[in-house]
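So you can see what is in the structure, the chains are spelled out below.
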Amino acid sequence: MNRLALMLSLALAAFSVPALADERADALGLLAVPQFVEQAASAGITQSYTGGWEFFVGGGGSSFDCNGDGMSDVALAGGTSAAALYVNTSKVGGELAFEPADLGLEERLARNVLGIYALDIDADEHDDLVLLRLGENIVLRGLGECRFERAERAWHIDGGTSWSTAFAANWEPGKRFPTLAFGNYVDRTAPGAPWGTCADNFLMRPRGDGDTPDYSDISTLSPGHCSLSMLFTDWNRSGERGLRITNDRQYYRGGEEQLWRVETGRAPRLYRRGDGWEHLTIWGMGIAEADLNSDGLPEYALTSMGDTKLQSLDNPADPSVPQYTDTAFERGATAQQPYMGPDKLPSTGWHAEFADFNNDGREDLFIAKGNVEGMQDFASFDPDNLLLQGVDGKFVESGDMAGIGQETSGRGAIVDDFNRDGLLDLLVINRKANVSLFRNMGRQTEWGHRPLGNWVEISLEDQDGNTHGVGARLLVKTGTVSMNRTVHVGGGHASGQSGAVHVGLGLLDRGIVRVQWPDGSWSHDYRFLANQHIIIRRDAKDVIYRQFIE
Amino acid sequence: MYRYKWAFALALVPSVALAGPVTFIERAPADPAAISVAVDQGQLQGTLPQADLTDLIEAGRSLFATRFTGADGAGRPRATQAIIPTHFKHAREMSFQRASGPDANSCTSCHLDPMAGGAGDFTTNVFTSEGTESADFDNVDPQFSNERGTNHLFGSGLIELLAREMTVDLQDLRTEAVRQARETSAPVTMTLESKGINFGTLTAAPDGQLDMAGVSGVDIDLKVRPFSQKGVFPSLRMFTLNALNAHHGMEADERFGAAMTGEADFDGDGFVGEFSPGLVSALVAYQASLQAPLQTPFENPAWQSAAMEGEMAFTATGCATCHVPSLPLRSLSFADPGPLDTAGTLSASDVAAPAIYDLGLLEWAQKLPRNADGDVLVPLFGDLKRHVIADNKNPHFANELMGQSFVARDAFMTSELWGVADTAPFGHRGDLMTLDEVILAHGGDAVQSRDAYAALPQTERDNLITFLKTLRMPQ
Chain A
9 MNRLALMLSL ALAAFSVPAL ADERADALGL LAVPQFVEQA ASAGITQSYT GGWEFFVGGG
69 GSSFDCNGDG MSDVALAGGT SAAALYVNTS KVGGELAFEP ADLGLEERLA RNVLGIYALD
129 IDADEHDDLV LLRLGENIVL RGLGECRFER AERAWHIDGG TSWSTAFAAN WEPGKRFPTL
189 AFGNYVDRTA PGAPWGTCAD NFLMRPRGDG DTPDYSDIST LSPGHCSLSM LFTDWNRSGE
249 RGLRITNDRQ YYRGGEEQLW RVETGRAPRL YRRGDGWEHL TIWGMGIAEA DLNSDGLPEY
309 ALTSMGDTKL QSLDNPADPS VPQYTDTAFE RGATAQQPYM GPDKLPSTGW HAEFADFNND
369 GREDLFIAKG NVEGMQDFAS FDPDNLLLQG VDGKFVESGD MAGIGQETSG RGAIVDDFNR
429 DGLLDLLVIN RKANVSLFRN MGRQTEWGHR PLGNWVEISL EDQDGNTHGV GARLLVKTGT
489 VSMNRTVHVG GGHASGQSGA VHVGLGLLDR GIVRVQWPDG SWSHDYRFLA NQHIIIRRDA
549 KDVIYRQFIE
Chain B
388 MYRYKWAFAL ALVPSVALAG PVTFIERAPA DPAAISVAVD QGQLQGTLPQ ADLTDLIEAG
448 RSLFATRFTG ADGAGRPRAT QAIIPTHFKH AREMSFQRAS GPDANSCTSC HLDPMAGGAG
508 DFTTNVFTSE GTESADFDNV DPQFSNERGT NHLFGSGLIE LLAREMTVDL QDLRTEAVRQ
568 ARETSAPVTM TLESKGINFG TLTAAPDGQL DMAGVSGVDI DLKVRPFSQK GVFPSLRMFT
628 LNALNAHHGM EADERFGAAM TGEADFDGDG FVGEFSPGLV SALVAYQASL QAPLQTPFEN
688 PAWQSAAMEG EMAFTATGCA TCHVPSLPLR SLSFADPGPL DTAGTLSASD VAAPAIYDLG
748 LLEWAQKLPR NADGDVLVPL FGDLKRHVIA DNKNPHFANE LMGQSFVARD AFMTSELWGV
808 ADTAPFGHRG DLMTLDEVIL AHGGDAVQSR DAYAALPQTE RDNLITFLKT LRMPQ
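If you read the sequences in order, they're chains A and B. 9 is the number of the first residue of the first sequence in my numbering; add one for each residue after it. 388 is the number of the first residue of the second sequence in my numbering; add one for each residue after it.
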């Protein structure tokens, strides 16, 4: 951007700030803004994502329950610092608290971790951990009681030597174990690296029908374009989940965003121009999925440097063509520059996630932000976004009012209810600074905090593998409104969450939920009362309630 | 506020401002607005002094009798009767609609027998529905709505206090079951009993999972919801908000305001802020303060003797199993907002400190009997529990086609019998003219008692009816 253009844009931004502030204030007046209080240090978490160029990207973590107490524990990448495991000891409804625990890895292997995803790979009802590394990826088999052992050899997983930055998993029809997708970044060893030398990505499909997974069948997803996020997604309501990959244009040549067709028993194939796939080049950092209008077709938020994309299928009446329209501008979700502070240069977005932070029944959008590292054309003070969705479907920035606008450089993030009070909390992994652990206090008042809307937290229990129902769709009915949620492993920025699905219910005090299990079959209607933790076990007649006590 | 009309009204009318939370407004005869009180919710914190409580109750009495008009914000052209704010697809034209509402000008248009706050005849029946699908129905066909009679509200403050204490008891038992299960690493089965009322059992696993299959008569969250015929609303406050919207189109800010709905004028009647939290508190205080009906002996010695015989028969036939003569209440402190409401109704968590209406300040409450522990014995003749009340041989009470709030069609909360002598007709639809008819209509869980009554010689049946005729409304 040349100097004149920069000065003009700054002048324009300065001129327009007062009007935007009034409109935003008016819009926020109609919304319940959740108040977050940062408490990583007091909660006992000390973890910073450090390192040089190879760790400008990555910086993720995952929440999961490693000891069966129903509380979400966290595993956090550290870059050149060791990855860490923290067991959740928070009091129900109280202050957040964690205690460090041992991942069971020698320090050499605990370093160089860029991202972590949790999922139950071997169907033993204990979450396992996939550690994305600079070098050999590591898969830790969960043994219960927060103990782990390495599983690459037992499961025939080739950890490779790549710079791995993305991951997604999907249970294909009839399979007990998941298909694993690994996304890789720059091939540092290729001539001319890093520019134009993106590594290939890999798909590992479970072989045979044994009692333990066998991932010796590896497909190459080529060409790779320096992926930073991947997500298996049923983009067209076909019941089949394609693999969406967002790629970083910083280093590719001739690259673009990608959507792979992953059909059972067939080699993966790219959607190309002839299939309707349109060329899109962004500095793709993170993918978030939500069905914002409950038509069964997901929308996608794609973070980038500059504006965020919010893609909606062009022609919902004919969902066979993967053509998308960017609706971020009309929805107010571009988040292209910092919303507070003096810096008006373009933002850099990383993790993105849709979640209902104020329990009003509408999914909001969180985006972690932070300068890559010393990039002078982009904002240095770049606070994380909390875009609250209004009744009209438009998003309103509330990060400053909500208290998450910190002077940190965010990367991955974990959205979870850490103290089981029905309010979604937020953990942001920061580059060269401690994580930010934001406890959601509810709506701030002059005397303290008051509750937000009603909620329900739903855990799924499937049978025959895929114990958490990854790929399942939940359809929650509240009055005249239906809400879709999908359980997935992948997306975000090197970060994930395994466990209960949180649904904000607004004013509803009871509702109906249906589950479309990963194999496509629909459950009957389940009734539930609001403000409860429930378990839906496949083929069970009623939901099971779970009580958390101190 | 509807700025133009309020400015005009205020210009015409002097108001009498008091130091407390309540302001009474004297309106000029030509003033189209009818609400004549204002209440500052911000001043309603902590135990109210007697003077403020008296004013608040009086404000509630006034509101209860107010014939709301369009100038107050009555009417809901764009909103249905649903508890969750729900829009019609197209704005309605009619101000009143007998079936789906708005169907009343004031609360007392139905709650008037034998006085304000009382019950109503069949003519005052209402038609309850979820209010989302087919919200705008214009007939009494049971496929669209459940037809319900108008209950009296006397003693309702004590009812809510009992429900709160029972909820705490039941939820504490649940917590204890989970705690014991965790400590012993084995499932624990707990009997759920409060104030002598058994709500079945639950089994807690060490990880907190609950087997609730054995729970009966109460919702799965163990919240005792004592209001409405089916026992599905936890508080007077919630019921008041529901009724204000459904029957009058008066949309309370705490549920329909911009903070909850994102729209300043949800019902599209041109009014913003048509019913403040303070006004709701006044209505709650009034209803909670309504005197508990008491057993009133006959002056005629023969009738009184018969009534005493009948009271024994009432117990011997098993009627008192559900129509429990009294339940002990530990405290008369009525917190408003209360602890059991959730988003959409102001709750104790939504305010710095709730107001406390000390019902013990009321003369009638001071005369209530107490047990040896000092608990007030609330003479409700009920158990705040739901029961299946119909069967194939006795199907009258299973007339409805629609369940309500997940409660089955043939299940209702035990009707409190206090005041029954003066609040005919009977049954949830108000379609049974005599006490004898309504007793004989019992089925399901009550069939043994019903059959025992039916088997009594006529004289003893008459004695039992005579006993019920001593359960009078306050005179």
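A portion of the hints provided could be inaccurate.
Using 25 angstroms as the maximum straight-line C-alpha spacing, the simulated DSS-like pairs for lysine-lysine come out as follows [said to hold, decoys possible]:
| # | chain 1 | residue 1 | chain 2 | residue 2 |
| --- | --- | --- | --- | --- |
| 1 | B | LYS754 | B | LYS856 |
| 2 | B | LYS476 | B | LYS582 |
| 3 | B | LYS476 | A | LYS402 |
| 4 | B | LYS476 | A | LYS485 |
| 5 | A | LYS440 | A | LYS352 |
| 6 | A | LYS485 | A | LYS549 |
Distance ranges between label pairs, derived from CB positions [to be verified]:
| # | chain 1 | residue 1 | chain 2 | residue 2 | range |
| --- | --- | --- | --- | --- | --- |
| 7 | B | GLU580 | A | GLN471 | 49 to 59 angstroms |
| 8 | B | GLY747 | A | GLU103 | 19 to 29 angstroms |
| 9 | A | GLU454 | B | ALA703 | 54 to 64 angstroms |
| 10 | A | PHE337 | B | GLY660 | 30 to 40 angstroms |
Honestly, the hints are just simulated from the structure, not real lab data. Cβ atoms here follow ideal geometry from the backbone N, Cα and C, with glycine treated the same way.
Structure-based check of each hint:
no.	hint	in the structure
1	B/LYS754 x B/LYS856	holds (21 angstroms)
2	B/LYS476 x B/LYS582	violated (47 angstroms)
3	B/LYS476 x A/LYS402	holds (21 angstroms)
4	B/LYS476 x A/LYS485	holds (18 angstroms)
5	A/LYS440 x A/LYS352	holds (23 angstroms)
6	A/LYS485 x A/LYS549	holds (18 angstroms)
7	B/GLU580 x A/GLN471: 49 to 59 angstroms	violated (37 angstroms)
8	B/GLY747 x A/GLU103: 19 to 29 angstroms	violated (37 angstroms)
9	A/GLU454 x B/ALA703: 54 to 64 angstroms	holds (59 angstroms)
10	A/PHE337 x B/GLY660: 30 to 40 angstroms	holds (34 angstroms)
Hint compliance for this structure: hints 2, 7, 8 are broken, all remaining hints hold.
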